[in-house]
Structures are given as C-alpha cells and as structure tokens.
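Enquirer: Now for the letters of each chain:
Protein chains: 4
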Amino acid sequence: MTEVDMAESNDAALHGYSTNKDNYAKRLRRIEGQVRGIAKMIDDDKYCIDVLTQISAVNSALQSVALGLLDEHLGHCVSHAVAEGGDEAERKLAEASAAIARLVRS
Amino acid sequence: MTEVDMAESNDAALHGYSTNKDNYAKRLRRIEGQVRGIAKMIDDDKYCIDVLTQISAVNSALQSVALGLLDEHLGHCVSHAVAEGGDEAERKLAEASAAIARLVRS
Amino acid sequence: MTEVDMAESNDAALHGYSTNKDNYAKRLRRIEGQVRGIAKMIDDDKYCIDVLTQISAVNSALQSVALGLLDEHLGHCVSHAVAEGGDEAERKLAEASAAIARLVRS
Amino acid sequence: MTEVDMAESNDAALHGYSTNKDNYAKRLRRIEGQVRGIAKMIDDDKYCIDVLTQISAVNSALQSVALGLLDEHLGHCVSHAVAEGGDEAERKLAEASAAIARLVRS
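Residue numbers (this note's numbering), protein chains in the order written: chain F, 1460 to 1565; chain Z, 1460 to 1565; chain A, 1460 to 1565; chain C, 1460 to 1565.
Honestly, the hints are just simulated from the structure, not real lab data.
Just so you know, even glycine gets a beta-carbon here, dropped at the ideal spot from N, CA and C.
Misleading hints may appear alongside valid ones.
Claimed, not checked - Residues of chain F clear of chain A, computed beta-carbon distances all greater than 10 Å: (1) Lys1485; (2) Lys1505; (3) Ser1538; (4) Ser1556; (5) Arg1564.
What the hints assert, rightly or not - Derived pair list, reagent style DSS-like, types lysine-lysine, alpha-carbon separation capped at 27 Å: (6) Lys1505/C <-> Lys1505/A; (7) Lys1485/A <-> Lys1499/A; (8) Lys1505/Z <-> Lys1505/F.
Stated by the list, open to error - Some chain Z residues near chain F, calculated using beta-carbon distances under 7 Å: (9) His1474; (10) Ile1508; (11) Leu1511; (12) Leu1526; (13) Gly1527.
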C-alpha cells in the first residue's frame, strides 16, 4: 500500500529496476518462451542432452536477469536506505545478503 | 542405423525420460507459469527482493528437472551405449560429461 | 570517527571483516586442511565418489566464507562509500556487483 | 571380494582417475596453496574484494578437478559396472547421480 503510494508520487524511486523495467520484462518473456520450448522438446521426445543444453541456457539467462536486478537494487533501494541510516539500512543490507546467498546456492 | 530409426521401431525406448515424459512436461509447464509470473511481477513493480526469490526458486526447479533427466539419460542412453561398447560408448560418455559441466557451471 | 580514521589508528579494523578476522582465518585454515586431505585421498587411491563428496563440502565451506565476507563488505566498505556519495560510491557498488556475479557463476 | 582386493591384483584399474593420479594430486596441492594464500590475505587485512576474487578462483579450480574425476569415474567404474549389469550397475548409477546433484547444488 505505502510502496504503491510512493510510486505514484515518485516513479523514479519506485525500485532499482524501474528505469529498465521494459528491458527486464522483455528478457523474462523471452525466457518464458524458452521454457515453453523445453516443455515442447519433451513432448516431441527430443534428445535428452539437447534438453539439458536448453535448461543450462535458461539458467544462465535467469542468472543474468537476477544479477542485473540485484545490481540496481544495491545501487538504489539499499543505497537509499544506507544514506538514511538506522534500522532500515541494517534491514535492507541483511535482506540483500540473504538474497545473494540464495542466488549463489541455487 | 540412427537414433531416429530406433525411435521409429520402438518409441518407448526412445529416451531415458520417456516413461516419465508427462511428469517432466508438467513440471516444465509449471516452471513456464512461474517465469510468466516473474515477468508480471516486473510489470507490476513488485519489490526487487521478491522477484529475486522467485528467480532462485525457478533456478532450483530447473536444476531438479535437469538432474532427473540426466539420471535417466545415464541409466538408459549412456548405459545402453556402454553395454554395446565401442566408439558410440566413448561419444555418449564424453557428451554426458560435457552436459554435466554445463550444468555445474550454469 | 570514520572507518578510515579507525584504520589509520588500528590496522586490525581496516576492513568489514576485521572484527571477525580470526574467525575467517580459522575457517580458511580448516578448509586448507580439508583440501590437503583430498590430495591425500588421491595419493591413497580413495574411491572417486568419496573424493567428490569432500570437494562438494569444501566448495560449500568456501561459499559460506565468501558470503560472510561479502555481507560485511556491503555493511562496511560499501555502506561507508555510499554514505559519502559520489564516484567512489558508484565504484564500490560496481565492484561489489562484479564480485557477486563471479561468486554466482563460479 | 572387496575393492581393495581388486586393487591389489590390478592397480591400474583401481579407480577411474588412477592413470591421471599425479595430475590430480598436483592440482589439489596447488589449490591447497591457494587456500593457504587466502588465509594469509585475511591475516594481512587484504581488501575484501580481492579475497573474494581468490575464493571464486579456488571454487572454479575445485569444480574443474571434480568434473575431471567424475568424467573418469563414469568412463571407468560406472561403465565397468554397467557392462557387468545387475544391482551393482544400478547402485553405481544412483551413486553417480547423487554425486552430480551435490556438485550442481554446491
């Protein structure tokens, strides 16, 4: 609720990725198409190794999107909180570290 | 005698994953839906960290599918080639190792 | 009293990880011992799968150390630069993102 | 009849990696030295990002060793069991898949 209100008064500060929103949405729709293609490969009994190659490609593409979002998150949301200081800065930093750990381990 | 010839004479033995084909296709369609959901999160300006959490979940789900396919590939296609022996066994083993390396590194 | 001042008067506090320095050094020496153990497993012709299990354990232990160092780096060096602002903040953020990408991809 | 008995009668076939044993042992001793170097970087208060870069390098080097060992394990131990057939083939394949999963997820 509040985040949306903020967004209405100040779009640029909404999220780190907002200025590149169209780019991320477009890449994710392409990835969605790739996953649909992999499901079809299974339907069509395509060779296992070719399916695995496509899965590796999707994982790499998703990782790239994630690293881009994270970079912008650190440069905007986290930096903003750090500049303000206090508990919110601590919370944002801990949250970012947890997200990084999930990415490294997934 | 090619794989396609073999497939024509015996669809069920076509690939390692054939007996679980519906299961894999279903999981991939669910993953496709998850990626579509992530694209929508971007459209709707959802919080970066929540987007990253979903991307990590998709990566884990894709890895599970890949490990399942690989397990069946080793137990069927590769084992079959190894039992036959010769160059084809060598080729299948090298191909599987390359696919494993791509998965580990992606 | 800034981190830089502290650093000048006390090298031990120089970096984000400084207060936990002994802990990190100790974990790395344990990892060093694990790697030495793996080399010995090879010398002693231990079973391949057991060697692989130990390598996976070392990779996980190194990842944990890396995630801890990164967390402290974000909370100290990067936060300090962000609070100061300017080019150095940009540079530190870009540098952290590049390190995260290397970890995710390695 | 144990693995050790087999080894005694035929050292060369002991494990997949046996013919490249010196190469693997040498690479692991180099990695051990790299980890010792990272511990020293911490002792010497080196910059966090430089420490992280070295950790990524060690992880990549360990992954390479693991992929090499796995490739030889599939081409020797697993292939041998598959050629023999039966429960042992099943067991070796399941064991290899589990090791691959640990590598992909670590």
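Enquirer: Now look at each hint and say whether the structure bears it out.
Expert: Here's how the hints hold up against the structure:
Every CB of chain A is more than 10 Å from the CB of Lys1485/F (nearest about 21 Å), matching its label as outside the interface. Every Cβ of chain A is farther than 10 Å from the Cβ of Lys1505/F; the closest lies at roughly 27 Å, confirming the non-interface assignment. Ser1538/F, annotated as away from the interface, has a beta carbon of chain A within 10 Å; the closest lies near 5 Å. Listed as a non-interface residue, Ser1556/F fails to keep its Cβ farther than 10 Å from every Cβ of chain A; the least gap is roughly 4 Å.
Annotated as non-interface, Arg1564/F brings its C-beta within 10 Å of a C-beta of chain A; the closest such distance is 7 Å. Distance hint between Lys1505/C and Lys1505/A is unfulfilled; the C-alpha atoms sit about 36 Å from each other, more than 27 Å. As the CA atoms of Lys1485/A and Lys1499/A are separated by approximately 21 Å, the hinted pair is consistent with the 27 Å bound. Distance check on the hinted pair: Lys1505/Z and Lys1505/F sit about 36 Å apart at the alpha-carbon level, beyond 27 Å; violated.
Because the smallest distance between the Cβ of His1474/Z and any Cβ of chain F comes to about 5 Å, under 7 Å, the interface hint for this residue holds. A distance limit of 7 Å between C-beta atoms decides the matter here; for Ile1508/Z the minimum to chain F is near 5 Å, and the interface restraint holds. Because the closest C-beta pair between Leu1511/Z and chain F is about 5 Å apart, less than 7 Å, the hint holds. Restraint check, Leu1526/Z versus chain F: the minimum CB separation of about 10 Å is more than 7 Å; hint violated.
Annotation: interface hint on Gly1527/Z violated; nearest CB of chain F at approximately 10 Å, more than 7 Å.
Violated hints, in rising order: 3, 4, 5, 6, 8, 12 and 13; the structure is consistent with all others.
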